[in-house]
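Order-wise, the sequence lines are chains A and B.
With the first letter of the first sequence counted as 1, position 10 gets the number 10 in our numbering; the numbers rise by one all the way through.
Just so we're on the same page, our numbering is the position in the second sequence counted from 1, plus 1000.
Where hints are given, some of them may not hold.
As the list claims (entries may be wrong) - In silico DSS-like cross-links for lysine-lysine, where the CA-CA straight-line distance does not exceed 27 Å:
| no. | chain 1 | residue 1 | chain 2 | residue 2 |
| --- | --- | --- | --- | --- |
| 1 | A | 66 | A | 36 |
| 2 | B | 1105 | A | 78 |
| 3 | B | 1190 | A | 36 |
| 4 | A | 60 | B | 1092 |
| 5 | B | 1190 | B | 1214 |
| 6 | B | 1105 | B | 1005 |
| 7 | B | 1214 | A | 36 |
| 8 | A | 4 | A | 58 |
| 9 | B | 1105 | A | 58 |
| 10 | A | 64 | B | 1211 |
| 11 | A | 36 | B | 1127 |
| 12 | A | 66 | B | 1026 |
| 13 | B | 1105 | A | 36 |
| 14 | A | 60 | B | 1210 |
| 15 | B | 1210 | B | 1092 |
| 16 | A | 36 | B | 1092 |
| 17 | B | 1092 | A | 9 |
| 18 | B | 1086 | A | 60 |
| 19 | A | 64 | B | 1105 |
| 20 | A | 66 | B | 1092 |
| 21 | B | 1026 | A | 36 |
| 22 | A | 78 | B | 1092 |
| 23 | B | 1105 | A | 16 |
| 24 | B | 1127 | B | 1214 |
| 25 | B | 1086 | A | 58 |
| 26 | A | 66 | B | 1127 |
| 27 | B | 1092 | A | 16 |
| 28 | B | 1144 | B | 1190 |
| 29 | A | 58 | B | 1092 |
| 30 | A | 60 | B | 1105 |
| 31 | A | 9 | B | 1105 |
| 32 | A | 36 | B | 1005 |
| 33 | A | 66 | B | 1086 |
| 34 | B | 1127 | B | 1105 |
| 35 | B | 1214 | A | 64 |
| 36 | B | 1086 | A | 64 |
As the list claims (entries may be wrong) - Restraint ranges, calculated between C-beta atoms of paired labels, are given here:
| no. | chain 1 | residue 1 | chain 2 | residue 2 | range |
| --- | --- | --- | --- | --- | --- |
| 37 | A | 22 | B | 1185 | 24 to 34 Å |
| 38 | A | 5 | B | 1188 | 43 to 53 Å |
| 39 | A | 70 | B | 1161 | 20 to 30 Å |
To be clear, the hints were calculated from the coordinates, so they are not data collected in a lab.
Source: prediction; values computed, not measured.
Even glycine gets a Cβ: it sits at the ideal position worked out from N, Cα and C.
Each chain is listed here by its residues.
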Amino acid sequence: MEEKDVHDKLETSFRKVFNNNSLAIERSMTANDIEKWDSLTHMLLISEIEDSFEIRFKLKELNKMKNVGDMIDMIITKL
Amino acid sequence: MNPYKIRDARTGDVDFIVTAIIEAEKSGSNTLSYSTVFNLPETEVRDIMRSMLLEEIDGCEFSLSSYLVAETDGNPVGTIGAWVEKSDAPSKTIKSNLLGYYLPKSSLVYASRESGVASELIIENVKDALSFVIVYIAPEHRGKGLFSLLADEHLRRNKDVEELSIQVMANNHFAIQSYERYGFSKFLVKTCNNPDILNFLPYHEKALMKKSLK
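Extracted from the complex, chain B is given alone in its bound form (with noise of 0.2 Å):
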């Protein structure tokens, strides 16, 4: 019998999709895009996320609603946080306006004048495109078919949508080769060139990929 339920994420999962948003973003290192592009320590990222995650909020990875989780024994330990990118409500505006509101002044003024590089690796979202945006799953429940789980779940609730569409950092070869079982492909492949990109993001390469269902 499958072990693991998938369910909506609720507010008691929060602390666990912080989690999820945090080793997602450092994608295998110890860079937090977070802290280093706004000069923050993680305490703060994780306190700011929190918040953020709590407000009602939907179309964004800090909505909660954007959040599917698998459990087990009553422990959340596995999520994606996805939803179609529209074009009349760009997730980007909404994730800023959330940021905005909660960032201290000095990090934007911070990020305006030293992060600019880490700009360079935006991939925009695939208009009417489910995109998973944070894929985690607690390491101790990897290679048991929970991305699967998930993803399945996500599609089920989104029907009309012909195009799936993920982004991952080029040197998480165990991501992308989970993610190329799943159907998915490279379609794009971002470099920055700048060395100093390596101060504010974990790798200098990202890769756009695209699963189509039509």
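Okay, chain A solo, but in the shape it has when bound (with noise of 0.2 Å):
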């Protein structure tokens, strides 16, 4: 899967777990520059990702991610 492709799949999984079709995901983008990406969000959305893309995050490759563009990152390397 291309870069773009699992930043599309992935924008979906952020618009549904945070309810907002309109919602544009950036590499850059951290919890602080979304609304509502709480501790439970985050964790709705983690789960919703790994059923999304069929993969299972390990601990410390979660701990890794620090932004929308790790998160990309570390799909494709699982992929």
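Two chains, each in its own frame: build the complex with the hints.
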């Protein structure tokens, strides 16, 4: 899967979890940039990403992901 | 002679640290937010906390490395879990990663559907401050200066910080008095007026206290 495809599919997961169909994600985005990205939403987001891409993150992989760009890169390594 | 020794927490302390987190969260009530928010029995919460603490993940309240322990006669009797909150590795994200990894998916779904009101009392940790997040002294050792002993040692290890912060349920007057004696003062009080909050948390009001070291 190309990075653009991962980005688009990831954006769909974000839109579903944050219930916002116009949400546009960028590589530099963090939890500080998206309203309602709190602890619970973060857990739901990770769970949704895992289901959507049919992958399972290791705990240490989760803690390496500091922004959306890290998420995209990590997902690509697992596909 | 001071009968208490202050040291780093180690794996043999995990059950004590789990008790400390649970009692700190309950804040003198019978309401454990991790049980109510995630719809899990306390026994299961305890097992999950134990597993998370045994992971080698630093920087949140489920990190053994965050804790100093007061020991007497070889037994842990008090602890403070603390760290300096960094913007590039927020403790809430580290904690969420651990919880999301260990909690059953049904608990996440339950929390998203039923427990939203609990988030109304969330207060972010203060960036670059040394945050005392879990404080627990066994009942028979309270009033003996253990909070100061543990807090002083955390401070000695974080000499560069300019501010301390601590959060407490606003009805925990004994704890608030202890923190005030140490130099903390109330900086912010957050109130939730939705009565459903008491289905999830011990009280409807939470205080953020700070102490400047400048």
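Hint-by-hint comparison with the structure:
1. A:66 <-> A:36: 17 Å, holds
2. B:1105 <-> A:78: 21 Å, holds
3. B:1190 <-> A:36: Between residue 1190 of chain B and residue 36 of chain A the Cα gap is close to 18 Å, so the pair holds against 27 Å.
4. A:60 <-> B:1092: The hint holds at about 15 Å.
5. B:1190 <-> B:1214: 26 Å, holds
6. B:1105 <-> B:1005: 41 Å, violated
7. B:1214 <-> A:36: Given that 27 Å is the threshold and the Cα spacing comes to 34 Å, the pair is violated.
8. A:4 <-> A:58: Status holds; Cα separation ~24 Å.
9. B:1105 <-> A:58: 16 Å, holds
10. A:64 <-> B:1211: Measuring from Cα to Cα gives roughly 32 Å; hence the hint is violated.
11. A:36 <-> B:1127: 19 Å, holds
12. A:66 <-> B:1026: Outside the cut-off at roughly 31 Å; violated.
13. B:1105 <-> A:36: Holds - the C-alpha atoms of residue 36 of chain A and residue 1105 of chain B are around 20 Å apart, at most 27 Å.
14. A:60 <-> B:1210: 32 Å, violated
15. B:1210 <-> B:1092: 19 Å, holds
16. A:36 <-> B:1092: OK: residue 36 of chain A and residue 1092 of chain B at ~13 Å, within 27 Å.
17. B:1092 <-> A:9: Holds, because 25 Å separates the two Cα atoms, which is no more than 27 Å.
18. B:1086 <-> A:60: Satisfied, since the Cα-Cα distance of roughly 18 Å is no more than 27 Å.
19. A:64 <-> B:1105: 22 Å, holds
20. A:66 <-> B:1092: 12 Å, holds
21. B:1026 <-> A:36: Holds, at about 26 Å.
22. A:78 <-> B:1092: 25 Å, holds
23. B:1105 <-> A:16: Cα-Cα ~17 Å, so holds.
24. B:1127 <-> B:1214: 16 Å, holds
25. B:1086 <-> A:58: Satisfied, since the Cα-Cα distance of roughly 23 Å is no more than 27 Å.
26. A:66 <-> B:1127: Roughly 16 Å separates the two Cα atoms, so the pair holds.
27. B:1092 <-> A:16: Status holds; Cα separation ~22 Å.
28. B:1144 <-> B:1190: 30 Å, violated
29. A:58 <-> B:1092: At roughly 18 Å apart (the allowed maximum being 27 Å), residue 1092 of chain B and residue 58 of chain A satisfy the hint.
30. A:60 <-> B:1105: 19 Å, holds
31. A:9 <-> B:1105: Holds, at about 21 Å.
32. A:36 <-> B:1005: It is violated: about 43 Å lies between the C-alpha atoms, which goes past 27 Å.
33. A:66 <-> B:1086: 12 Å, holds
34. B:1127 <-> B:1105: 31 Å, violated
35. B:1214 <-> A:64: 33 Å, violated
36. B:1086 <-> A:64: 15 Å, holds
37. A:22 <-> B:1185: 24 to 34 Å: 43 Å, violated
38. A:5 <-> B:1188: 43 to 53 Å: 44 Å, holds
39. A:70 <-> B:1161: 20 to 30 Å: 28 Å, holds
In the structure shown, a violation is registered for the earlier hints numbered 6, 7, 10, 12, 14, 28, 32, 34, 35 and 37, in ascending order.
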